[in-house]
Amino acid sequence: MSTTTEYTPKTTTGRIANFVDSRVGGSAMVKEFGRKIFPDHWSFMFGEVALYTFVLLLISGTFLTFFFDPTMTHVVYDGSYNPLKGIGMSAAYSSTLDISFDVRGGMFMRQVHHWSAILFVAAVSVHMLRVFFTGAFRKPRELNWVVGGVLLILAMAAGFTGYSLPDDLLSGNGLRIIDGVVKAIPVVGSYISLFLFGGEFPGTAVIGRLYALHIMIVPAIILLMVGIHLFMVVVHKHTQYPGPGRTNDNVVGFPVGPVYAAKAGGFFFIVFGIVAAISGLLTINPVWNYGPYDPSPVSAGTQPDWYIGFVDGALRLMPGMFGNFSFEWLIPFPWGTNTLSLNVLFPALVPAGIMFMIMFTWPWIESWITKDKREHHLLDRPRNAPFRTGMGVAGVISYCVMWAAASSDLIATHFLVSLNDVTYWLRVLFILGPILGFIVARRIALALQRKDREIVLHGRETGIIEMAPEGAFAERHEDLDAYKLHQLVNYEDRKVIPAQPNAAGHISRSEKNRGALSKFFFEDRVAPVTPSELAALKAEHGHGPAEVEGSSSDSIEK
Amino acid sequence: MGDHSHGSPDDSGTVAKAGTGTLDKFQDPGLPPHRKRLADTDPRAEKRAERQVALLFIISIIGTLSFFIAYFVLGRPDNLSDIRVQNAMLGLGTTFAMLGIGIGIVHWAKTLMPDHEISEMRHPIRPEADRLDAVEIIDQVIEETGIKRRPLIRNTLIGAIALAPIPAIFMFRDLDRTGKTAGEMVEQFRHTMWDKDVRLTRDPSGTPIKASDVQIGSVFHVIPEGLDEAENVLNEKAKAVVLLMRLDPKKMDISEGREDWHYEGIVAYSKICTHVGCPVALYEQQTHHLLCPCHQSTFDLTQECKVIFGPAGRALPQLPIKVDADGFLVAQSDFHEPVGPSYWERG
Numbered sequence: 001m002s003t004t005t006e007y008t009p010k011t012t013t014g015r016i017a018n019f020v021d022s023r024v025g026g027s028a029m030v031k032e033f034g035r036k037i038f039p040d041h042w043s044f045m046f047g048e049v050a051l052y053t054f055v056l057l058l059i060s061g062t063f064l065t066f067f068f069d070p071t072m073t074h075v076v077y078d079g080s081y082n083p084l085k086g087i088g089m090s091a092a093y094s095s096t097l098d099i100s101f102d103v104r105g106g107m108f109m110r111q112v113h114h115w116s117a118i119l120f121v122a123a124v125s126v127h128m129l130r131v132f133f134t135g136a137f138r139k140p141r142e143l144n145w146v147v148g149g150v151l152l153i154l155a156m157a158a159g160f161t162g163y164s165l166p167d168d169l170l171s172g173n174g175l176r177i178i179d180g181v182v183k184a185i186p187v188v189g190s191y192i193s194l195f196l197f198g199g200e201f202p203g204t205a206v207i208g209r210l211y212a213l214h215i216m217i218v219p220a221i222i223l224l225m226v227g228i229h230l231f232m233v234v235v236h237k238h239t240q241y242p243g244p245g246r247t248n249d250n251v252v253g254f255p256v257g258p259v260y261a262a263k264a265g266g267f268f269f270i271v272f273g274i275v276a277a278i279s280g281l282l283t284i285n286p287v288w289n290y291g292p293y294d295p296s297p298v299s300a301g302t303q304p305d306w307y308i309g310f311v312d313g314a315l316r317l318m319p320g321m322f323g324n325f326s327f328e329w330l331i332p333f334p335w336g337t338n339t340l341s342l343n344v345l346f347p348a349l350v351p352a353g354i355m356f357m358i359m360f361t362w363p364w365i366e367s368w369i370t371k372d373k374r375e376h377h378l379l380d381r382p383r384n385a386p387f388r389t390g391m392g393v394a395g396v397i398s399y400c401v402m403w404a405a406a407s408s409d410l411i412a413t414h415f416l417v418s419l420n421d422v423t424y425w426l427r428v429l430f431i432l433g434p435i436l437g438f439i440v441a442r443r444i445a446l447a448l449q450r451k452d453r454e455i456v457l458h459g460r461e462t463g464i465i466e467m468a469p470e471g472a473f474a475e476r477h478e479d480l481d482a483y484k485l486h487q488l489v490n491y492e493d494r495k496v497i498p499a500q501p502n503a504a505g506h507i508s509r510s511e512k513n514r515g516a517l518s519k520f521f522f523e524d525r526v527a528p529v530t531p532s533e534l535a536a537l538k539a540e541h542g543h544g545p546a547e548v549e550g551s552s553s554d555s556i557e558k
Numbered sequence: 001m002g003d004h005s006h007g008s009p010d011d012s013g014t015v016a017k018a019g020t021g022t023l024d025k026f027q028d029p030g031l032p033p034h035r036k037r038l039a040d041t042d043p044r045a046e047k048r049a050e051r052q053v054a055l056l057f058i059i060s061i062i063g064t065l066s067f068f069i070a071y072f073v074l075g076r077p078d079n080l081s082d083i084r085v086q087n088a089m090l091g092l093g094t095t096f097a098m099l100g101i102g103i104g105i106v107h108w109a110k111t112l113m114p115d116h117e118i119s120e121m122r123h124p125i126r127p128e129a130d131r132l133d134a135v136e137i138i139d140q141v142i143e144e145t146g147i148k149r150r151p152l153i154r155n156t157l158i159g160a161i162a163l164a165p166i167p168a169i170f171m172f173r174d175l176d177r178t179g180k181t182a183g184e185m186v187e188q189f190r191h192t193m194w195d196k197d198v199r200l201t202r203d204p205s206g207t208p209i210k211a212s213d214v215q216i217g218s219v220f221h222v223i224p225e226g227l228d229e230a231e232n233v234l235n236e237k238a239k240a241v242v243l244l245m246r247l248d249p250k251k252m253d254i255s256e257g258r259e260d261w262h263y264e265g266i267v268a269y270s271k272i273c274t275h276v277g278c279p280v281a282l283y284e285q286q287t288h289h290l291l292c293p294c295h296q297s298t299f300d301l302t303q304e305c306k307v308i309f310g311p312a313g314r315a316l317p318q319l320p321i322k323v324d325a326d327g328f329l330v331a332q333s334d335f336h337e338p339v340g341p342s343y344w345e346r347g
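Protein sequences appear in the order of chains A and B.
Note that the UniProt record's numbering has the first sequence beginning at 1, numbered continuously upward.
Note that the UniProt record's numbering has the second sequence beginning at 1, numbered continuously upward.
Just so you know, these hints were derived from the structure itself, not from any lab.
Beta carbons: idealized from backbone N, C-alpha and C, even for Gly.
You may find that some hints are simply not true.
Only pairs whose alpha carbons sit at most 25 Å apart, straight line, appear in this in silico DSS-like list of lysine-lysine [what the hints assert, rightly or not]:
id, chain 1, residue 1, chain 2, residue 2
1, A, K36, B, K110
2, A, K538, B, K25
3, A, K451, B, K25
4, B, K306, B, K250
5, B, K47, A, K237
6, A, K371, B, K25
Reference listing, derived: stretches of chain A covered by chain B, where coverage requires no fewer than 3 residues with Cβ under 8 Å from a Cβ of chain B [as the list claims (entries may be wrong)]:
id, stretch
7, 9–15
8, 18–25
9, 132–138
10, 179–191
11, 326–335
12, 468–480
Just need the whole structure built from these sequences, with the hints factored in.
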């Protein structure tokens, strides 16, 4: 029908492309992605690690589903692990033992799965820290930051539901703690617990239910979120670190094909290789040591997987009694007395709740304080955003104090100190640590900025000591090259923006608060060196900064 | 290189700069000049890199083959140490198989593929014209439905949509299929297997305990007699486990109404922590403290298991006991309060 001449491919690639494109299309996609530019930096790798460990989780998890029996039917173990032979247990635990001892490579796959899960949450967390400290969450990427936060929560949910499946003593006690926390929820807590366990704890239903969540619902949502996350990365194009030739309007890096794809694709195999090495050599979660779940015994010194640690630690830090005052409140109502377990509810919900709330809203908080509604594609070096770096460090410290508290008993036994003292100290640190962390981190960032200024103004120290004719010793300083100089002066100079009156000439309360926060964050700042400043300094010295330092009093190091 | 410099973040985009007049900014020198790699200039280095990549791929092949050796030659090990060896070999085989490919590809990309950095312009995510068009289309769609002009339709639709998902929530009612009413469900938390004259027996053997067996300093992990015949053993055990200890009665600080709950200093307390339900498994006989290994709640046995440290908010419930005609320890009744973690309806 067509009047134009038919396109006749000449090469093999051409023939395949023609076949695909004339049926389903796809050339446009190749045009769009084939040579798309991706900036390269080692810190962009964490997101990749997260993605690849998730792929490993899907691969190893699928293998495990073929052998795992997610039921709590009572069976008597008859596998090849002698110490547990003849012992009654659930089918879930028995099949976990079979995977470990009677399926060749099953132990390896279990360990790949568990180690990948641990690395997955770790990679997601470190990736988020990278994004936070470099300001990559700023417009237009705020929503992708939120999707990332949702992924972190989902990663923890996937981890915890999986941790409970083997139905060994350790995971059973973990579930019992969850049951205790759920029961503390006012009004509906008892019913959520009863519905989750299909009656009273532990019942015979919960493993199957967690299994459905663990292998279907949670991973499906994660997969969906990962899709949205990556789609937005493509829409926004990747951020890049500032540097010569790298601006807010361009992307400098390697094309997807071949270099970036090769590096990123190769990196998957490297991550797989490293996980395989860890899984081959280091035992994780030896469920056969713990025995089947029994509500009576418990092993001392048990730890949750690391990513649940901060909640467990918060539970440990909270005092239940304060002198004779109990945080378990009895509230009289007309229909009777109800119990509000603040000693459980408060630590389980409040720290994590505040942390995630600040995390999710931070992009908007920051742009509100700085009145910055522009698009940002250039990252901040953490030192060039001292206020944000300080806030990030404060958050990290409060998280880490809770996390350390989850090992308070092990800290006490390893360092031979009193368990009670460890807890008291961590309680103090939980309050003071973030404040000190904010101050110290911000000061360090400002000091590093000052150091950058010094280097720009007085040049690089060469290590060459010269003796002047009159006998003075001084170190020779050398001018920076234009590229290095650009790196040190090209950053965003955030100033205090005092509260502004609105159109009616009135300063609203929220604007006053914003002004106060702006002052708090930006009162101390280090401005980047300007060309005129540098020129003035050179003129004053009468010679370039490449000349001998020590001739002017202000350049002597104090 | 000049092509690559397009100003700095402060003068990009459409946002006008607040008037500082002329920009006192350093010129962007553009991308640094490209430095050639050894393999770009020296054919021998190029050849060497090529051989290195191939060698890495061969290492991968060897890794995969050694996986098979571990899988088949070691067969089906039947003891833990052989399984560990097989696991390590399977792991290392996979490690080499994967790292060979991965490092090989990355090495190939870094030494032999072009390493020129390319600069590409960013485009606005969407032109504003599109946005206006979109708003107009949406407005028109809403207008054509007439939903704004017909509040009756709108309100009934909102009502219907709000109501429709509620059955989906109710369908989960049968997650609990015990057939109990809401009140009965929660009432279960109040009762355990303990009752008048139920013997205290050892966990897990189920042998009864004579009062004379319980010495000062010793601790017994106790279950009610007949636990094994219970309908759901674990559910009953999760509530009924008890710790049995003996104290010097002079050291005990007994509150009113509990004077006869012990037998010559032998006391029984619930083993389930009042914090979040872990078994309070550690007894320090010197200090008479009970410690929960999960969150370190500490209870003082001499003060009727009052909380003296940690996150628990309430003392451990005490089980009233006595001795039967044969000298065995038995319960006087069930616990007088619900055991384990608190819940809303506990009161």
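request  = Tell me, in ascending order, the numbers of any earlier hints that this structure violates.
outcome  = Those not satisfied are hints 5, 7, 8, 9, 12.
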